[in-house]
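Next come the chains, spelled out residue by residue.
Number of protein chains: 2
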Amino acid sequence: MIALDPIGFVRSPRNDQRDDDWGAVVARIELADGFGPESLDGLDEFSHAEVLFMFDRVADAAIERGARHPRGNPAWPKVGIFAQRGKNRPNRIGSTIVRIKKRTGRVLEVEGLDAIDGTPVVDIKPVMTEFLPREPVRQPSWSHELMRDYWRLERR
Amino acid sequence: MIALDPIGFVRSPRNDQRDDDWGAVVARIELADGFGPESLDGLDEFSHAEVLFMFDRVADAAIERGARHPRGNPAWPKVGIFAQRGKNRPNRIGSTIVRIKKRTGRVLEVEGLDAIDGTPVVDIKPVMTEFLPREPVRQPSWSHELMRDYWRLERR
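Listed in order, the protein sequences are those of chains A and B.
47 is the number that our numbering gives to position 47 of the first sequence; each next residue is one higher, with no gaps.
129 is the number that our numbering gives to position 129 of the second sequence; each next residue is one higher, with no gaps.
Keep in mind that a hint or two might mislead.
Each pair may be met inside one copy or between any two copies, as identical chains are not told apart.
Stated by the list, open to error - Once the Cα atoms are required to be at most 30 Å apart in a straight line, the calculated BS3-like pairs of lysine-lysine come out as: (1) K102 <-> K87; (2) K87 <-> K101; (3) K102 <-> K78.
Derived by calculation from the structure, the hints in this document are not laboratory data.
So that you can see chain A by itself, here it is in the shape it has in the complex (with noise of 0.2 Å):
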């Protein structure tokens, strides 16, 4: 058993667990109690980062172990979990890369985190060109379907 403490929190105008319309959502990250501000001193050199989070509001009785049709629709292809990136997976670990608006003192200002207001915050990395795919991306064509409302800006 491996045991993690936040090491911040979410504040978001999004409460609701809707799947789609991210694309405009702007958040903070504050630091946990314990962080000083220069844990950050240098993020906002990078213009984006990877955010490691908790999907905190999944039940034990909702984690699916196996494989399932990705948000339930039939339409789409029975996969296995750790082929799809909802949240009611084991060990209930989100990741998102973000853009970096502003950071101030022990608050980092985001656009485009898909968490909810009051998400823990496990991890927060710099996103290096290094890091990211260094060859052509494939993926089948349910994941673009899926994906298609996404980041959509939300029009309220």
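With the hints as your guide, set chain B onto chain A.
Only chain B this time, still in chain A's reference frame:
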């Protein structure tokens, strides 16, 4: 406090903690007990996967919670631990995009996984272009220098 269980373990020819030369390393991820092969179904339709793993060999006393020079190199600026990707970080989580070579039952063979033999894996996610940066990536020059030999093909 958040509790995780390994979903698998790395089997790799690399068991030293050297920083560089990870490009040609072929490793296997073997699923932990309790995970059947169906949890990986469909993953080989993707060219790349994101592997989340634990830097479990890092001692508590070695964890940096503030700022430091990356790799202890005074030629590079002192930056916060969340502005670097080094292993001596709070929660000890590593995140690397690898090339998927082959899936055989409960074993995933990958290329470019910078984790040593025996490393616990806590998640595997498929790489979708929609989750990669959708704008140009900007990063400081020290990070390019640090990464220069990281993926170098090892000559033995």
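Here's how the hints hold up against the structure:
{"no.": "1", "hint": "K102 <-> K87", "verdict": "both (27 Å within a copy, 25 Å between copies)"}
{"no.": "2", "hint": "K87 <-> K101", "verdict": "both (25 Å within a copy, 26 Å between copies)"}
{"no.": "3", "hint": "K102 <-> K78", "verdict": "between (40 Å within a copy, 19 Å between copies)"}
Consistency with the previously given hints is maintained throughout, with no hint failing.
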